[in-house]
Structure formats: C-alpha cells, structure tokens
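First to last, the sequence lines map onto chains V and U. So the first sequence is numbered by numbering that gives the first Met the number 0: it starts at 0 and just counts up by one. So the second sequence is numbered by numbering that gives the first Met the number 0: it starts at 0 and just counts up by one.
Calculated directly from the structure, the hints in this document are not laboratory data. Mixed in with the good hints, there may be bad ones.
Stated by the list, open to error - Derived DEER-like restraints, expressed as beta-carbon distance ranges:
hint : chain 1 : residue 1 : chain 2 : residue 2 : range
1    : U       : S301      : V       : D336      : 45 to 55 Å
2    : V       : L180      : U       : K15       : 21 to 31 Å
3    : V       : V188      : U       : Y174      : 28 to 38 Å
4    : V       : I83       : U       : S27       : 32 to 42 Å
5    : V       : F164      : U       : K268      : 42 to 52 Å
6    : U       : I512      : V       : N353      : 17 to 27 Å
7    : V       : I83       : U       : Q184      : 52 to 62 Å
8    : V       : S512      : U       : E298      : 53 to 63 Å
9    : U       : Y174      : V       : A500      : 30 to 40 Å
10   : U       : Y174      : V       : T520      : 33 to 43 Å
11   : V       : L180      : U       : I126      : 48 to 58 Å
12   : V       : T523      : U       : Y174      : 44 to 54 Å
Predicted model only: the values in this text are computed from it and were never measured. Beta carbons: idealized from backbone N, C-alpha and C, even for Gly.
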Amino acid sequence: MKTNQVKNKKGIILRLFKDILEFYPVMLPVVIVCILFNAVISSIPAVFMQNIIAIVEKSWQSGDWNAVKENILYLVFILGIFYILSLVSGIIYNQMMAFITQGTLKKFRVKMFNNMQTLPIKYVDTNNHGDIMSYYTNDIDTLRQMISQSFPQLLVSSVVVITVFGIMIYFCIWLTLVVILGVIAMLFVTKRVGGGSAKYFIRQQKALGHMEGFAEEMMNGQKVIKVFCHEEESKKDFDKINESLFNDSREANRYANILGPILNNIGNVLYVFVAITGGILLITNAPNFSLSGLAMGISIVVPFLNMTKQFVGNINQVSHQINAVVMGIAGAQRIYDLIDEEPEQDNGYVTLVNVREENGQLIECKERTGIWAWKHPHSSDGSVTYTKLAGDVRLFNVDFEYEPGKTVLHDVSLYAKPGQKVAFVGATGAGKTTITNLLNRFYDIADGKIRYDGININKIKKADLRRAIGMVLQDTNLFTGTVMDNIRYGKLDATDDECIAAAKLVGADDFISRLPDGYYTMITENGANLSQGQRQLISIARAAVADPPVMILDEATSSIDTRTEAIVQRGMDALMEDRTVFVIAHRLSTVKNSDVIIVLDHGRIIERGNHEELLAKKGQYYQLYTGAFELE
Amino acid sequence: MVNEIKGGCDLNTIIKYGIILIILAFLSLTFGGVAGSTSATAACGFAKNLRKDMFYSIQNYSFENIDKFLTSSLITRMTTDVTNVQNAYMMLIRVAVRAPLMLVFAFVMAFVMGGRMAWIFLVVVPILAIGLGIIIYKTFPLFKKVFTKYDALNKSIQENIKGMRVVKSFVREDYEKKKFEAAAQDVYADFTRAERILALTGPLMQFCMYVVMIFVLSFGSYTIITSRGLDFDIGQFSAILTYNFMILVSLMMLSMVFVMITLAAESAKRIVEVINEKSTLTNPENPVYTVKDGSISFENVSFKYSKKAERMVLANINLQIRSGETIGIIGGTGSSKSSLIQLIPRLYDATEGTVKVGGVDVRNYDLEALRNQVAVVLQKNVLFSGTIKENLRWGNKDASDEELVEACRLACADEFINQFPNGYDTYVEQGGANLSGGQKQRLCIARALLKKPKILILDDSTSAVDTRTDAKIRKALREYMPETTKIIIAQRTASVEDADRIIVMDRGSINGIGIHKQLLAENAIYREIYYSQNKAGDQSEN
Ligand SMILES: Nc1ncnc2c1ncn2[C@@H]1O[C@H](COP(=O)(O)OP(=O)(O)OP(=O)(O)O)[C@@H](O)[C@H]1O
Ligand SMILES: Nc1ncnc2c1ncn2[C@@H]1O[C@H](COP(=O)(O)OP(=O)(O)OP(=O)(O)O)[C@@H](O)[C@H]1O
Ligand SMILES: [Mg+2]
Chain V
0 MKTNQVKNKK
10 GIILRLFKDI
20 LEFYPVMLPV
30 VIVCILFNAV
40 ISSIPAVFMQ
50 NIIAIVEKSW
60 QSGDWNAVKE
70 NILYLVFILG
80 IFYILSLVSG
90 IIYNQMMAFI
100 TQGTLKKFRV
110 KMFNNMQTLP
120 IKYVDTNNHG
130 DIMSYYTNDI
140 DTLRQMISQS
150 FPQLLVSSVV
160 VITVFGIMIY
170 FCIWLTLVVI
180 LGVIAMLFVT
190 KRVGGGSAKY
200 FIRQQKALGH
210 MEGFAEEMMN
220 GQKVIKVFCH
230 EEESKKDFDK
240 INESLFNDSR
250 EANRYANILG
260 PILNNIGNVL
270 YVFVAITGGI
280 LLITNAPNFS
290 LSGLAMGISI
300 VVPFLNMTKQ
310 FVGNINQVSH
320 QINAVVMGIA
330 GAQRIYDLID
340 EEPEQDNGYV
350 TLVNVREENG
360 QLIECKERTG
370 IWAWKHPHSS
380 DGSVTYTKLA
390 GDVRLFNVDF
400 EYEPGKTVLH
410 DVSLYAKPGQ
420 KVAFVGATGA
430 GKTTITNLLN
440 RFYDIADGKI
450 RYDGININKI
460 KKADLRRAIG
470 MVLQDTNLFT
480 GTVMDNIRYG
490 KLDATDDECI
500 AAAKLVGADD
510 FISRLPDGYY
520 TMITENGANL
530 SQGQRQLISI
540 ARAAVADPPV
550 MILDEATSSI
560 DTRTEAIVQR
570 GMDALMEDRT
580 VFVIAHRLST
590 VKNSDVIIVL
600 DHGRIIERGN
610 HEELLAKKGQ
620 YYQLYTGAFE
630 LE
Chain U
0 MVNEIKGGCD
10 LNTIIKYGII
20 LIILAFLSLT
30 FGGVAGSTSA
40 TAACGFAKNL
50 RKDMFYSIQN
60 YSFENIDKFL
70 TSSLITRMTT
80 DVTNVQNAYM
90 MLIRVAVRAP
100 LMLVFAFVMA
110 FVMGGRMAWI
120 FLVVVPILAI
130 GLGIIIYKTF
140 PLFKKVFTKY
150 DALNKSIQEN
160 IKGMRVVKSF
170 VREDYEKKKF
180 EAAAQDVYAD
190 FTRAERILAL
200 TGPLMQFCMY
210 VVMIFVLSFG
220 SYTIITSRGL
230 DFDIGQFSAI
240 LTYNFMILVS
250 LMMLSMVFVM
260 ITLAAESAKR
270 IVEVINEKST
280 LTNPENPVYT
290 VKDGSISFEN
300 VSFKYSKKAE
310 RMVLANINLQ
320 IRSGETIGII
330 GGTGSSKSSL
340 IQLIPRLYDA
350 TEGTVKVGGV
360 DVRNYDLEAL
370 RNQVAVVLQK
380 NVLFSGTIKE
390 NLRWGNKDAS
400 DEELVEACRL
410 ACADEFINQF
420 PNGYDTYVEQ
430 GGANLSGGQK
440 QRLCIARALL
450 KKPKILILDD
460 STSAVDTRTD
470 AKIRKALREY
480 MPETTKIIIA
490 QRTASVEDAD
500 RIIVMDRGSI
510 NGIGIHKQLL
520 AENAIYREIY
530 YSQNKAGDQS
540 EN
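Using the sequences and the hints given, assemble the complete structure.
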C-alpha cells in the first residue's frame with residue numbers, strides 16, 4: 000500500500016504540500032496571500048502610468064504646469080503607494096519563503112533521520128552507506144529550488160491562468176473552446192514529455208545515490224586503494240558510474256528543456272488559431288455564446304486575443320520551472336521512501352523500571368535507586384509483577400539463519416547465571432558474534448527461546464533489553480568528539496571524574512593522558528589518529544562507564560597487548576563482580592579464567608566446561624589451545 | 000495581426016499572417032529544442048567533469064592528504080557543491096548572455112532616446128552597486144560558515160549509519176536524534192540568515208527602478224509641460240519609461256543569477272580546494288622501476304604524523320632485514336608498530352633518516368612499482384561491496400580462478416568460502432557486514448597474497464582468527480612463499496614465535512631484536528608477554 004502511495008506522482012505533490020502546510024500551518028497561508036497580493040499590486044502601477052502619460056500628452060502644449068500639477072502629483076502619489084505596497088509585500092514574502100524553504104529542508108532531514116534511527120540493523124548492513132547519505136544530500140537539494148522558486152511562480156501563474164480563463168468564458172465560449180483544445184494539447188504533451196523527464200529524473204536521483212555510494216565507499220577504503228595501487232581501476236569504475244549519471248541527468252534535463260519551447264509554441268499556434276477562429280466568427284457573423292451575453296464583435300475578439308497572449312505568457316513562465324518541479328518530485332519520492340521505510344518491529348511490553356525494596360516487596364519509583372526491575376504487566380488478569388534485574392541469561396534450543404537456507408546456529412542451549420563469566424571460543428565463523436546479535440535482538444531468532452531473568456526477550460521492550468546488556472563490539476566505532484565525549488557515550492550524565500575512573504579501570508588512562516590534549520583530544524574519522532588497540536580501549540571504557548548488569552565483550556581486546564589486557568581484565572572482573580559477562584576471544588589467555596567455556600563449531604555447541612575440564616577432555620578446545628605446537 | 004483584425008477583417012490576410020506565425024513557431028521550436036538540449040548537455044557535462052576531476056584528484060592523494068580531509072566533507076563537495084555550481088551554470092548559460100545584453104541595450108537606448116532624464120540612472124546605479132556589495136559582503140562569510148556546518152551534519156549522518164550497532168546497543172537513538180536536530184537547526188539558522196539577506200536583492204533592484212519611475216514621471220512631466228516639450232519631449236518621455244521597464248526586467252533576471260552565483264561561489268571554492276590539493280608524495284624524477292629483492296633497511300629513521308607534533312612517533316630506528324626473512328613484531332598498544340611498517344611501502348615519508356627496500360631509498364622508486372612489490376594487509380582493513388571474486392581481484396586484476404582459489408587456500412579462506420551457497424560469487428556487503436571478523440581478515444590476506452609480492456606485511460591481520468587457523472596460515476606462507484620477506488605484527492606470541500627474528504617495540508623505539516629463545520632469556524617485555532599468554536597459568540596448575 001505504501002509503495003502505491005509513493006509511486007503516484009500527484010500523490011507526492013499533494014503529500015509534500017500537506018507536509019509543508021503541517022510544518023507551517025500559519026506561515027504558508029500567509030505567504031500564499033502575500034504572493035498573490037504582490038502579484039496583483041505589482042500589475043496595477045501600469046494603469047497609473049498610462050493615465051499620467053495621457054494627461055501629459057493632452058496638455059504639454061499648454062505649458063501650464065499648475066493646471067495639471069495637482070492631478071499628476073496625485074497620481075504619482077498613488078503610484079508611489081502602490082510601489083511601496085509592492086515592495087513591502089515582496090520583502091515580506093521573500094523573507095518568509097527563506098524560512099519556509101530552509102525550514103522544510105531541515106524538517107525533512109530530521110524526519111528522515113528520526114526514521115532511520117528506528118530501522119533494523121539489516122537496513123544498514125544491506126544498503127550502501129553513501130546511498131543512504133544521498134537522501135540527505137542530493138534528494139534534499141532537489142527540494143530547495145522547487146520550494147523557493149517554482150512554488151511561488153506556479154502559484155501566481157496558475158491563479159492568473161484560472162482568472163484569465165474565467166474572463167474568457169465570460170466573453171466568448173466559442174473562442175474559449177479553441178483555447179481548451181490548446182490546453183488539452185499542452186496537457187497531452189506535458190504528460191508525454193514530462194513523463195519522460197520524470198522517468199529520467201528519478202533515474203538521475205538513483206544514479207546520484209549510486210555515485211555517492213561508490214564515492215563514499217572508495218574514500219572510506221582510500222588507504223586500501225593506495226596499498227593495492229587500485230587508483231586507476233577505481234577511476235575507471237567511477238567513470239562508468241559518472242557517465243551513466245551524466246546520461247540520465249542529460250536526458251532528464253533535455254526532456255524538461257524541450258518541453259518549454261514546445262509549450263511556448265503550442266501557445267503561439269494557439270494564438271493564431273484563436274485569431275483565425277475569431278476572424279471566421281466575425282465574418283460569418285456567428286451568434287455569440289457567452290456568460291456575458293455580449294454580441295460577437297471586434298470588442299470581443301481583440302481583448303480575447305490579449306488574454307490569450309497573457310495566458311500563453313504565463314504558461315511560458317511555468318515552463319521555466321519544469322526542471323525544478325520534476326526533479327523535486329523525483330527527490331521527494333526518494334525522501335518519502337526513506338521516511339516510509341518499515342521500522343524495526345517491537346512488540347515488547349515488559350519494561351525496565353527503578354524500584355525500592357520495602358520488606359521484601361519491590362515498589363516502583365521514579366528516582367534512581369540503583370536497583371532495577373522488570374515490570375511485567377499480565378494482559379490476562381491486569382496484574383503487574385516485578386522481577387528484580389539480575390542478569391540471568393538462558394538460551395533454549397536456538398536456531399538461526401541470516402538468509403533462508405543458510406542456518407548459522409543449530410540448537411544452541413546455554414545458561415549464564417549472575418556472577419558467571421561465560422566464554423565463547425571456536426573457529427572463525429562458528430557463530431559467536433551471531434549469538435550476541437540475538438541476545439540484544441539485532442536479529443530475531445527463528446526457533447527456540449531466549450530468556451532474560453526468566454522473561455522471554457521477545458516480550459521485553461527492545462530499548463530496555465539493550466539497556467540491560469552492555470556491549471563491546473568486534474568492530475570498533477567511535478564518534479566525532481573528544482575522547483571524554485566518547486567515553487561518556489556509555490552514560491550520558493557521567494561526570495568527568497566518572498569517565499576518567501572508567502578509563503583508569505580498563506587501563507586506557509595511560510595512553511589517553513599521553514595524547515596531545517589528554518581527555519580533550521578530538522577524535523575524528525572513527526579515530527584515524529589513534530592506533531587500533533587504543534580505539535578498542537576507548538570503546539571498552541565506554542562500555543565500562545555504562546555499568547550494565549550483563550556485559551558482552553566480543554573480541555574486545557584482540558588488538559590490545561597482553562599487559563594492557565591483563566589490566567582490562569582485572570578492571571572488568573572488579574566491575575562485573577556478581578554480574579554476568581560474556582567473552583568472545585581467540586587468544587585463549589583471555590578466556591582461560593572463565594567459569595564456563597563454550598566451544599562452538601559450525602553453529603553447534605560441541606564442548607562446555609571450565610579450562611581444566613576442557614583440557615582434560617583432550618577435545619576441540621585442547622586442540623585449539625595447543626594447536627600451534629601440534630603443527631610443528 | 001491585431002491591427003489587421005481591428006482594421007477590417009479580411010480572413011485571407013489573417014490566415015496569411017497565421018501561416019507565417021506558425022512557421023515561425025516551428026522554427027522557434029526547433030531552435031528552442033536544440034538550445035535546450037545543448038544546454039542540458041553542457042550543464043550536465045560540466046557537472047560530470049567536476050566530479051571526475053575531484054575523484055581523480057582524490058585518488059592521487061597520499062595517506063597524509065587523506066588524513067587531512069573528512070570523507071563526509073569530500074562527499075558533500077562531490078554532491079551538493081557540484082549541484083550548486085551546476086545550477087548556477089545552467090542559469091548562466093540561459094540568461095547570462097541575454098540579460099546583460101538586454102540591460103546594456105536598454106541603458107544605451109535610455110540615454111540616446113531619453114535625453115537628460117537618463118542621468119538619473121547615474122544616481123541610482125551607484126546606490127544599487129553599493130547595496131549589492133553590502134549583500135555580498137554580508138552573505139559570503141555566512142556561506143563559508145554554513146558549509147562547514149553542513150559538512151558536520153553529513154558527518155553525523157555517516158557516523159550514525161556506520162555506528163548504528165553502537166547507537167542501538169547503548170540505546171542512544173533519542174540522544175542522536177536530539178543531536179542531529181540541533182545540528183540541522185544550526186545549518187537551518189545560518190542558511191536562512193544568508194538567504195534572507197540574499198532575498199533582499201530583488202526588492203533592492205525594484206526599489207531603485209521605482210525611484211527612477213517616480214522621478215521620471217513627476218519631474219519628467221514637469222519638464223515637458225513647463226518647457227512645452229522643448230527640453231524633453233513626450234516621445235523621450237515614453238521611451239525612457241519603456242526602457243526603464245526593460246532594465247527592471249533584466250535586472251530581475253540578473254538578480255536571480257546573482258543569488259545563485261553567490262551561493263555557487265563558495266561551492267566552487269570548495270571544489271577547487273579538492274582539485275588543487277597536491278599529493279604530499281610524488282614520484283621522483285627518474286624513478287626506479289624494479290625492486291631487486293625483499294631486503295629492507297631502516298637507517299636512523301624518525302617519524303611523526305604531523306609537522307607540528309612535538310613527540311616523534313618513531314625515534315631513531317635502525318634495522319636490517321634480509322630478503323626472505325620472516326620477522327615478527329610484538330609490542331604494546333600504541334607502540335608504533337603500524338607506523339613502522341607504513342614507511343616501507345612509502346605510505347608516509349620518514350621525517351628523518353632513510354628507509355631502503357632492495358638497497359634503494361624508497362623515495363627513489365616509482366610508487367606503483369614499489370607498492371606492487373610490498374603487499375600490506377592493513378590493520379584497519381576494508382572489503383568493498385561486490386562479490387568475493389571481485390574483492391580478491393584487487394590484488395591482481397588478471398588473476399585466473401585457479402590463482403584465486405590457490406591464494407584463498409593459503410589464507411585458509413577456501414574452507415569457508417566453499418561453504419557459502421554461492422561460493423566465490425557470494426556478495427559481500429559494504430565493509431563486509433555479512434561476514435564474520437575472522438572471515439574478513441582471511442579474505443584480506445588472500446587479496447594481498449594475489450599480488451605475489453617480494454615483501455608481505457601482515458599488520459595484526461589474524462587477531463580475529465583462531466590460533467589453529469593462524470598457525471596454518473603461517474605454515475602455508477612459510478612453505479609456499481619462501482623467498483618473500485614476511486613481516487608479521489601480532490599480539491599473540493604464538494604468531495611470532497617461529498619467526499627468524501622478533502622485534503619488540505616499546506613506545507616508538509626498538510626494545511629488543513632476536514630469536515624467540517634469546518628474547519625469552521634477555522628481554523623483560525617479551526618474557527612477560529610470553530608467560531602471561533602461554534605458560535604462566537599452566538605451570539602453576541600442571
Ligand atoms: N549480517 C549477516 N548476514 C549474513 N550472514 C552473516 C551476517 N553476519 C554473519 N554472517 C555469517 O554467519 C556466520 C557466523 O558469523 P559470526 O560473525 O557469528 O562468526 P564468529 O564466530 O563471530 O566469527 P569470528 O570469530 O570470525 O568473529 C558466518 O558464516 C558469516 O558469514
Ligand atoms: N594518522 C595518525 N595521525 C596521528 N597520530 C597517529 C596516527 N596514527 C597513529 N597515531 C599515533 O601514533 C602512535 C602509534 O600508533 P600505531 O598505530 O603505530 O601503534 P601500534 O603499535 O600499531 O598500536 P596497536 O597495537 O594498538 O595497533 C599512537 O600513539 C597513535 O595515537
Ligand atoms: Mg597497529
């Protein structure tokens with residue numbers, strides 16, 4: 000249904016207009032009035048000018064200034080007033096248009112961004128990042144000209160056209176019929192040519208997205224390009240994309256540019272036909288048929304021709320805006336695509352609340368108590384139960400596949416009790432990261448159950464579930480801002496001291512204080528000016544400051560040296576005492592002291608136990624642990 | 000024709016004029032069509048060339064240049080800025096010839112036909128010029144500022160796309176929304192301010208013309224009447240009014256162009272900045288094209304990333320590596336391991352001292368020739384959207400399928416690729432989003448192996464690979480590429496243990512070099528790392 004709505008061109012214009020009206024419920028009508036007022040006011044001074052000239056023409060030979068002085072100055076005075084009105088209304092509407100144009104762009108940006116935040120992970124995994132960015136750049140750009148220039152022009156022209164049309168009917172319906180024929184011809188051509196233009200503009204916007212996607216990806220991997228001397232290759236690829244973008248946008252503009260002259264000349268031809276028809280009507284003395292009931296005569300044909308001229312002139316004005324309008328529609332279409340993109344589903348109703356403990360009872364309260372509980376409303380009897388947040392995680396017979404037919408996890412069952420440290424090891428691609436993706440519901444399981452503190456995680460609101468699980472991801476992502484800002488991301492109201500304490504806890508303080516501006520060193524481009532291990536340390540500190548009941552460390556220390564890692568571990572152990580920790584690591588020294596080590600292979604759990612038990616078993620873990628020596 | 004109809008209504012005459020008009024219409028259609036189509040080609044072609052020049056220029060950037068520009072900013076320049084310039088250009092070719100011609104013509108005619116009265120223009124024009132000057136003066140810095148903010152806005156969009164997992168796992172959606180809204184508001188505020196000033200252009204021009212009109216109408220009629228048409232006659236009177244109107248129309252057209260150009264000027268400046276940025280690394284005059292062998296030597300090398308930095312990242316490194324040797328590098332986080340190896344393929348130039356490959360200073364090589372012989376698997380590696388095959392062919396675009404499989408087998412990537420339903424044609428999403436960490440790393444290694452280099456550098460490239468696979472990869476490298484000099488950076492001692500020599504890095508300098516046994520005996524740092532990873536736990540327990 001949504002796509003139908005989007006594909007329909009008229010629907011888009013209407014929706015766009017409705018949205019702008021919603022953004023500016025007062026200003027937009029005022030602007031419309033101002034624009035029309037301005038158009039009317041600006042056309043009046045010509046009348047006064049004619050009058051003045053007429054007076055001068057009549058009396059210049061007399062040489063008597065005083066006789067006409069009053070009359071002329073009066074007219075000039077009125078003229079001046081109209082000029083002032085025209086200037087004032089012009090300034091007002093131009094100023095307001097500046098607000099409306101930029102404001103609309105801003106609101107659309109925000110709308111897109113807000114919806115983007117709700118989309119599932121899969122969306123960014125499967126879409127080119129630059130292509131998504133293109134919505135915010137190329138597509139938003141198309142709206143600018145359409146709103147600021149085409150919209151006022153179209154408004155004025157359409158009002159003029161409608162008024163003129165009404166007067167035409169008033170004068171003579173026969174001649175109006177000729178004009179209607181012309182209008183039909185214009186509409187037909189507009190549909191044909193304009194349709195072609197629209198098609199290509201949509202392709203142009205897509206091609207722009209493609210280009211931006213390619214460029215973004217290449218620039219992100221620019222260092223890899225350098226290392227592989229891939230410059231020429233990527234230039235060639237870019238040329239191809241650029242060329243097809245050029246073709247699309249040339250076609251689009253060409254259609255639009257041709258439409259203008261065609262409409263103009265249909266207008267000219269129309270003018271001729273009106274003149275001829277008028278002549279025939281005059282000669283044959285045909286009876287007039289009009290609202291005014293005036294008889295056919297020269298006094299009808301001549302003004303009618305003038306009106307036709309005005310009619311055509313306005314259509315000419317409109318045709319200048321065709322590019323902008325059609326392109327704007329193409330852009331709007333894509334913008335609405337992103338706004339309408341289906342958000343991540345969340346049917347959870349169990350929420351995380353602060354509680355107070357009073358003689359064994361959990362009482363919900365507003366203030367931060369440091370004790371959290373799951374608030375579980377039961378729809379059957381309307382009662383509410385509270386379960387204290389503990390961090391007990393259990394998986395029952397979980398199956399999962401990213402793409403149909405390619406099962407990644409088979410029948411995985413495991414439990415982690417509060418205070419336990421659970422480690423996942425196993426060959427790469429065994430499905431370790433996947434398990435963590437399921438725990439915080441980046442992806443939903445196909446079969447089986449996952450329970451958090453005894454509650455099926457499908458019932459928990461996603462935001463609350465994720466708040467209850469801290470994560471350090473395998474791929475480090477830092478944001479533009481200072482080191483301090485990045486650490487504080489884990490807990491927005493953390494004080495500087497808390498952030499520094501967290502950094503100290505995980506052993507990041509040492510290198511941070513050696514940075515040029517210490518904690519206030521700016522991080523840009525995902526930490527390009529830091530070493531890989533330093534980036535990982537910051538992301539660990541970020542998770543530490545959040546202080547969650549369950550923590551997942553996915554290869555969090557893979558690029559960190561052992562000495563620092565030992566500090567990280569000590570810190571984490573202290574922080575997560577009595578809480579649940581999941582660790583994924585290939586360096587077995589990282590996982591050795593875990594309470595439970597789970598060995599995964601091709602999505603199945605094949606061994607579990609602690610370090611000594613697994614070594615004694617002489618199975619897969621033993622092999623992994625000693626593998627290097629065995630090969631020799 | 001109107002006159003014809005007014006005069007008498009001879010249908011034949013009307014039809015005659017009609018036919019002439021229709022023919023004219025067709026001519027105008029043809030010319031209009033051709034002009035429209037040509038101008039479309041011209042404007043789009045112009046945009047195409049701008050994008051191309053920018054992209055080409057960026058491809059030639061060195062690492063240092065890349066560090067200097069934000070990718071989001073480069074991208075804004077290739078999109079929004081090009082669009083701005085393209086629009087201005089389109090507008091220019093449409094009216095730039097016509098409007099000024101009309102303007103000049105109208106001015107001249109006003110002076111010729113309008114006589115004395117035309118001097119009023121000399122009063123008005125300076126006012127207009129000053130007004131426009133003020134507008135430019137006010138808006139220019141605003142535009143400059145707003146584009147930087149616009150870059151930042153795009154930066155935050157890009158970061159939110161890439162870091163979506165982080166945003167979601169910390170439940171920071173609302174926080175990000177608020178931040179974005181504030182940034183968008185910032186851009187909006189500045190843009191609106193600039194546009195509001197620009198929006199005064201039209202009224203300013205109108206005002207000037209209105210002043211002229213009122214002056215001519217009042218003072219003109221006075222002069223005519225008092226002088227009885229001697230000083231100023233009625234013909235001149237209406238002529239000057241007509242030409243004034245023409246001037247007004249062409250000024251309005253020019254004001255639109257003016258607005259667009261003001262906006263485009265800043266954009267153009269930003270585009271030119273990208274195109275004119277010269278790579279900090281250039282090929283020497285008479286470059287050496289062949290790399291003799293895989294030997295490497297560092298002679299008193301010191302290095303820092305920016306000239307302004309106080310501390311050297313690498314200090315006084317001296318190192319000789321023989322061709323075919325396997326070197327392991329181990330060391331603390333931030334001890335400049337990555338920085339060290341980036342000097343070998345001349346990704347950066349050493350600040351002091353010389354780096355030699357095959358006995359020749361790297362600065363004397365042709366860059367491409369050098370980099371083709373020195374394959375680096377970067378620590379922060381990137382896979383590109385496309386099939387696995389396409390990604391592998393980065394290493395060697397002419398590689399046969401057998402060579403691809405062979406390289407993947409060496410890198411232990413073959414096993415998992417074969418498990419994918421589409422095998423080597425499996426589509427890799429941007430950044431390898433649909434692969435596991437270890438799978439990505441092994442593909443990156445395979446990609447580098449396809450180059451068949453004389454020197455192979457693995458910068459922490461097996462951190463997400465399990466120990467057994469890691470050992471298998473190293474064994475394969477040893478057996479199949481014995482002549483290649485191999486440099487392996489790792490955090491696991493197991494990964495470097497069997498190297499011919501191990502370098503221990505500490506805070507930007509070499510702390511110790513030697514074979515495993517020797518370092519174990521002599522080097523405190525190495526010993527500590529080794530025991531913490533391997534034996535310490537076991538010894539106490541066993
Ligand atoms: N987003 C995704 N879409 C499709 N397939 C995926 C996606 N993410 C991972 N996979 C596939 O699922 C399998 C398991 O991947 P996972 O990331 O869980 O492995 P892992 O055990 O964490 O490996 P590593 O130790 O290398 O990080 C792999 O075969 C991988 O190709
Ligand atoms: N592009 C850059 N610009 C400025 N400083 C940088 C840049 N890259 C790295 N640095 C700094 O140089 C130092 C050495 O970094 P390098 O990446 O060489 O360390 P490393 O030994 O590879 O560390 P790791 O084991 O964490 O990868 C660090 O302090 C880092 O902050
Ligand atoms: Mg490094």
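Status of each hint after checking the structure:
1. The hint said 45 to 55 Å for the Cβ distance between U:S301 and V:D336, and at roughly 53 Å that hint holds.
2. In this structure the supplied range 21 to 31 Å holds for V:L180 paired with U:K15, their Cβ-Cβ distance being about 22 Å.
3. At about 52 Å, the beta-carbon gap between V:V188 and U:Y174 misses the expected band of 28 to 38 Å.
4. At roughly 39 Å, the beta carbons of V:I83 and U:S27 sit within the given window of 32 to 42 Å.
5. In this structure the hint that V:F164 and U:K268 lie 42 to 52 Å apart at CB holds, the actual value being about 48 Å.
6. For U:I512 paired with V:N353, a C-beta distance near 58 Å fails the hint of 17 to 27 Å.
7. Restraint check, V:I83 to U:Q184: a C-beta distance of roughly 35 Å breaks the suggested window 52 to 62 Å.
8. In this structure the supplied range 53 to 63 Å is violated for V:S512 paired with U:E298, their Cβ-Cβ distance being about 33 Å.
9. About 22 Å separates the C-beta atoms of U:Y174 and V:A500, a value inconsistent with the hinted range of 30 to 40 Å.
10. The hinted window of 33 to 43 Å between U:Y174 and V:T520 is violated, with their beta carbons roughly 22 Å apart.
11. With their beta carbons about 50 Å apart, V:L180 and U:I126 fall inside the hinted range of 48 to 58 Å.
12. One distance hint, 44 to 54 Å for the beta-carbon pair V:T523 and U:Y174, is violated here, with the actual separation near 20 Å.
Checked against the numbered hints above, the structure breaks hints 3, 6, 7, 8, 9, 10, 12 and satisfies the rest.
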